[in-house]
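Here is how the chains run, residue by residue.
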Amino acid sequence: MTARPWLRPALEAAFWAAALGAYFAFPDLLPLLSQVAIAALFVLSLDLLVGFAGVLTLGQAAFFGLGAYAAGILAQQGWGEPLSGLVLAAVLAGALGVLTAPLVLRGGDLPALMVTLGLGLMLGEAANKLPGITGGADGLLGVEVWPVLGLFRFDLYGRTAFLYSLAVLFALFLLARLVVSSPFGLALRGVRGNARRMPALGTPVRARLVAVYGMAAAYAGVAGALLAQTTQFVSLDALSFGRSAEGLLMLVLGGLGSLYGALVGAAVFTVAHHLLSELSPLFWQFWIGAALMAVALAGKGGVLGLFAAALRRAS
Amino acid sequence: MLTVLLDGLAAGMLLFVLAVGLSVTLGLMNFVNLAHGAFGMLGGYVCAAMLNRAGLPFLLCVAAAALASAAAGVVLERLLYRRLYGRDHLDQVLFSIGLVFVAGAAADWVFGARQQLIALPAWLSGRVEVGPASIGAYRLFLIAACGLIVLALHVGLVRTRFGARLRAAVDDAVVARGLGIPVPRLFALTFALGSGLAGLGGALGVEVLGLDPTFPLKYMVYFLIVVAVGGANTVLGPFLAAVLLGVVDVAGKYWVPELGAFAIYTAMVALLLLRPQGLLARAAER
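Sequences listed follow chains E and R, in order. Here this note's numbering is used: the first residue of the first sequence is 1, the next is one more, and so on. Here this note's numbering is used: the first residue of the second sequence is 1, the next is one more, and so on.
Treat the hints with care, as some may be off.
With a straight-line Cα cutoff of 20 Å, these simulated SDA-like cross-link-like pairs (lysine to any residue) come out [stated by the list, open to error]:
id: 1; chain 1: E; residue 1: Lys129; chain 2: E; residue 2: Leu141
id: 2; chain 1: E; residue 1: Lys129; chain 2: R; residue 2: Glu258
id: 3; chain 1: R; residue 1: Lys218; chain 2: R; residue 2: Leu153
id: 4; chain 1: R; residue 1: Lys218; chain 2: R; residue 2: Tyr254
id: 5; chain 1: R; residue 1: Lys253; chain 2: R; residue 2: Val221
id: 6; chain 1: E; residue 1: Lys129; chain 2: R; residue 2: Trp255
id: 7; chain 1: R; residue 1: Lys218; chain 2: R; residue 2: Ala251
id: 8; chain 1: R; residue 1: Lys218; chain 2: E; residue 2: Phe241
id: 9; chain 1: E; residue 1: Lys129; chain 2: R; residue 2: Pro184
id: 10; chain 1: R; residue 1: Lys218; chain 2: E; residue 2: Ala126
id: 11; chain 1: E; residue 1: Lys129; chain 2: R; residue 2: Leu259
id: 12; chain 1: R; residue 1: Lys218; chain 2: E; residue 2: Gly242
id: 13; chain 1: R; residue 1: Lys218; chain 2: E; residue 2: Asp237
id: 14; chain 1: E; residue 1: Lys129; chain 2: R; residue 2: Val221
id: 15; chain 1: E; residue 1: Lys129; chain 2: R; residue 2: Lys253
id: 16; chain 1: R; residue 1: Lys218; chain 2: R; residue 2: Ala261
id: 17; chain 1: E; residue 1: Lys129; chain 2: R; residue 2: Arg114
Calculated directly from the structure, the hints in this document are not laboratory data.
Assemble the whole structure, with the sequences as input and the hints as a guide.
Encoded structure:
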């Protein structure tokens, strides 16, 4: 890594230039590209939690869905300003995260898995049974979002939607990068490595985990809010177990514990989904399952891991 | 009131038969197997196909379903599951979710997405008066059959050499291995037994729990509750948990249908928080 110090910044710049370039290269696919950006933000939230802090979850969609419904209902009730919708979603999802964190972090992977699974299903069922608030199985209709910053109106081709999603993703990505390289981020990696030794270094393990759980929840909430605002619709699918599972797959596909891995995994997965599910939804479900099994059997590292290995070999 | 109780008892006993294998996988092998329901689904489809397409006797179909699931369990355990023992829980979760997706897609492709219906033989249809309550003959048959299985499992675990070895391996796999107990083979056998029982439960449950390609996902939570609440080292713990769950579930659907599955999810989270001992405490220690 140290042999060529210019390589990493150059690759990073190239990555974001490519993301922005996609706007000009694929003007017909902008709605799909917005989906990629939103999925990337969701996977980023999972990466903070699973990849860096080592907390397992099967219910991250709960926060995604909460953010989506919060932003959607706010806009439906007549306040369509998008940025305040994002803030509301982040605050609500983050608060739910901090509130439920003590329940999830009771020690051990199994309790965490089961409690997050249970909470996610609870929220999904609650949304299903409260059609007065969420629209139930019909989805939340009548979401009207105002122009971003009062200037950029959401258009039919998804131009604003894509640039808006990409900008939010970029800003939150920079924040996440700052966080994971801070002492806080290092403490998280330490906790993942050995949670019993970290108190000896003076790290309050529990407080750190609660904080990152809340932060990941807020990120997922913002991703949900972006989906609600750019598609002007929220369905029960936002809270589904499938979304949590797919998020994990994207994360592992890209590479656990690497921020760019989260982005790459989301992009590969979403584009593959688009291409394959056009053939047949069943086909897609089968191959996604097979991919999950293969990735699990092969171990972690993902696409980015392969790329890094190739790079190491080259240099 | 009594009818609801008996229906709940039947559903709970079915859940126990379906889930008991998972309590071994999770408790003994410390393997997060979210795909346990897939074996139940396989059993259900085998039974439904044999019954509806070939017209074979019901009990024969049920037995074949159990055998098919056990065989699938052995094959998958030897080929795939074995490689993931002792790996990260995340890998196990991903693998088993993947297996659920694949199984669901395969079932959908072969049998279609609709609910499978089976025609019960004449001696199992109709209703029977039990004291003041009336209960379906099939429910009564379920209670009797599952009761026998529970008894057999209990005796098997407490009285036989196999049971003693299994209990030793649950308590401390390392020491058990030191005593010359072939723990890996025990794992494989038990995995097959558990899958077979799941297939049996799935076959028996087509009439009560329903059967469609979403079966493994729909009942995954129920199985997890049974295991989480019941613990791993006894037959009685998961049994009581399953019966309690069955009664609460049926009563909830009967009296407060607007709550739907919400009640059961809430109960799951609450029970996990109130009673994290049993299996969970054991798994967390390692």
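Evaluation of the provided hints:
1. E:Lys129 x E:Leu141: Given that 20 Å is the threshold and the Cα spacing comes to 16 Å, the pair holds.
2. E:Lys129 x R:Glu258: holds (7 Å)
3. R:Lys218 x R:Leu153: violated (26 Å)
4. R:Lys218 x R:Tyr254: Answer holds: lysine 218 of chain R to tyrosine 254 of chain R is near 19 Å, not above 20 Å.
5. R:Lys253 x R:Val221: holds (17 Å)
6. E:Lys129 x R:Trp255: Given pair lysine 129 of chain E, tryptophan 255 of chain R holds - Cα atoms ~16 Å apart, limit 20 Å.
7. R:Lys218 x R:Ala251: The hint holds at about 18 Å.
8. R:Lys218 x E:Phe241: With Cα atoms ~11 Å apart, lysine 218 of chain R and phenylalanine 241 of chain E stay inside 20 Å; holds.
9. E:Lys129 x R:Pro184: violated (46 Å)
10. R:Lys218 x E:Ala126: Holds: lysine 218 of chain R and alanine 126 of chain E sit about 16 Å apart, inside 20 Å.
11. E:Lys129 x R:Leu259: holds (7 Å)
12. R:Lys218 x E:Gly242: Measuring from Cα to Cα gives roughly 12 Å; hence the hint holds.
13. R:Lys218 x E:Asp237: holds (15 Å)
14. E:Lys129 x R:Val221: With a Cα-Cα distance of about 19 Å, the restraint between lysine 129 of chain E and valine 221 of chain R holds, given a limit of 20 Å.
15. E:Lys129 x R:Lys253: Given pair lysine 129 of chain E, lysine 253 of chain R holds - Cα atoms ~14 Å apart, limit 20 Å.
16. R:Lys218 x R:Ala261: Judged against 20 Å, a Cα distance of about 10 Å means the pair holds.
17. E:Lys129 x R:Arg114: violated (23 Å)
In summary, the numbered hints that this structure violates are 3, 9, 17.
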